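*Asks:* Spelled out, the chains give:
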Amino acid sequence: MMKAAVFRGIGQVEVVEVPLPEPPGPGQVLIRVGYCGICGSDLEAYHTGMYEPGLIIGHEFAGTIFDTGPGVTGWQLGERVVVNDAIPCGACAPCRLGRPQACESLTMIGVTHDGALAEYLTVPAGGLHHLPDEVSLRQGALVEPLAVVLEAVRRSRLQLGDRVLVMGAGPIGLLAVQCALLAGARQVVATEVDPVRAALAGRLGAAAVLDPERENVAVALSRLTGGQGPDIVYICTGAPEPFLDSISLVRKGGQIYVLGLCVEPVPADFMSVVFNDLCIEGSLAGPSQFPAAIDLLAQGRLDVEALVSHEITLDEVVTGGFGRLVTPGSGAVKILVRIGGER
Amino acid sequence: MKLATLAYLEEAKARSNTDEEYLELAKGNNESYTLVLDPEPDKGVPEQIVIGFDNLDGKMNDFWLGQRPTLFTLTGPYGVWVDILRGKMGATKAITMRKLKTQGPFLQLLQGANRIIRWVEVLRTIPTEFEGEYAQYDLPGE
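Residue numbers (the working numbering), protein chains in the order written: chain A, 2 to 344; chain B, 6 to 147.
Only chain B is shown next, with the shape it has when bound in the complex:
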């Protein structure tokens, strides 16, 4: 399924909410997130994609396309998100190195580093189609 679509988010919710390791790390988390995938027209990604979700006691709760006020907003070029999902770049490294621009309480975000790392591992199991030139890196899923 295509990255950052409602179907993708539905699948992300289903997988992360049944992953025991993730749920243990995420217990008590009630944060909300906006993820912004900035366009890269020269690589076939013409439009910005904005998605969001919130957690309720660690479980992914609501999710949506478009912008809403959230505790955290993480913004980066589409290719950075692809690199994270491919495992070429660690999510926390992307955050600390400002490859992903972060709005929100930064230290609070980093305190959840292990949870984020596990969440990305869960996402990596989803069969994922990327846009434009990044299609060559589509993930087969598990």
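Isolated chain A, as found in the complex:
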């Protein structure tokens, strides 16, 4: 038996003993989980029940290879790895067109299949990525969200010298601030209501952080951008207001890139989209960005440690993890769960 965090329904996650995974089958690998993060989408599921009850959650993780199944070559027991949580079919039209994240039969570890808030899990060997010595297992657990942001920034129209607005300075937004700057943005402004996250955004390079509950974002942004508005808005929050606001905040001819999951329908001013020649795009995952994410971390080009507000154990997932994340003012940003630990 092993410990795992199991999703039971809206507002219900519990840590229980579950059977160990079956020995890995052909092409599979058994992973001993080192660290796993609690993601914003896990929190969304906690609020809305969008996962199936009984699912072991957790899809941002790093660990070591504990066993390999028949036919698996090129991987060593004990090797440190991160695992691509998105498993495309490889055969559908989007997969063949090089858009695996849009796979028609996409499955996701910790979302559609049992995940990594557990001591062990079995994964396809095809999703493994070696973790170099320069990147710790703790940092490795942040490769997945970084890959999500890299996918967005690389696919967006961001050009050297652009002005950027990042709406929401949670873990994804904080990575977006850093990646936009790394990609050549001359100015990144963030919006955030939580003071801890706002301060962090400033520390990580945001030229200004606006609190929409305290100041008029449209006026402040107009001043910061010389009346033009930002070239690109990255929406990194699930709150509905920024989705509507982004259309009037971005400059004419600009782009809105959606990374946040807003489960409720948002009324949108599409007439402005037409009049202002806007582009709206979104993406769910970044399966092809894992190598770049790992390299950037190994080179020390991004600070992911700054995002980690709390490190907890698996036994603490309910109160120290989800409980903390749903409590306003708790100071939680990224909560990492130490499972197998080690480096």
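Be a bit skeptical, because a hint or two may be false.
Claimed, not checked - With a straight-line cut-off of 25 Å between C-alpha atoms, the simulated DSS-like cross-links for lysine-lysine are:
1. B:Lys7 x B:Lys18
2. B:Lys48 x B:Lys93
3. A:Lys253 x B:Lys18
4. A:Lys253 x B:Lys48
5. B:Lys98 x B:Lys32
6. B:Lys104 x A:Lys253
7. B:Lys98 x B:Lys64
Claimed, not checked - Non-contacting residues of chain A with respect to chain B, defined by C-beta distances greater than 12 Å in every case (computed):
8. Glu18
9. Leu44
10. Phe67
11. Cys93
12. Cys96
13. Thr108
14. Asp115
15. Ser137
16. Asn217
17. Gln300
18. Val319
Calculated from the structure, these hints are not laboratory results. None of the values given here were measured: they were computed from a predicted structure. Glycine included, C-beta positions come from ideal geometry on N, C-alpha and C.
Based on the hints, put chain B in the right spot on chain A.
*Replies:* Relative to the frame of chain A, chain B by itself:
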């Protein structure tokens, strides 16, 4: 009085809160607004002007200079606001044609079109001085 000053807003409040036609249209309205008059230095309007106000059951309640978070923010060049007050451009047309950039729930704003049109008619009765080159269009008031 000069456009978009506290004295102007005080007068706007006094006139709109006693205009029966406006009050009938505005009944139940509790929205807040920021109006941004963008500078046009080449026309003698060097600085951005930001004003705001809120409504309480249709009556203009508080008003202020500078920015605060509000439900709506309408932004446009100083000259567009002058054109609206002169009657050269309809306020709702300015909104729908994006001459005024709108932040806030757009459809909700347009649902109040008749109220906005009447409010502008009320504002037009205020003796108003404009800045820079726009001074030639000062409104005599009624």
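*Asks:* Kindly indicate which numbered hints from before are broken by the structure, ordering the numbers from low to high.
*Replies:* 3 and 16
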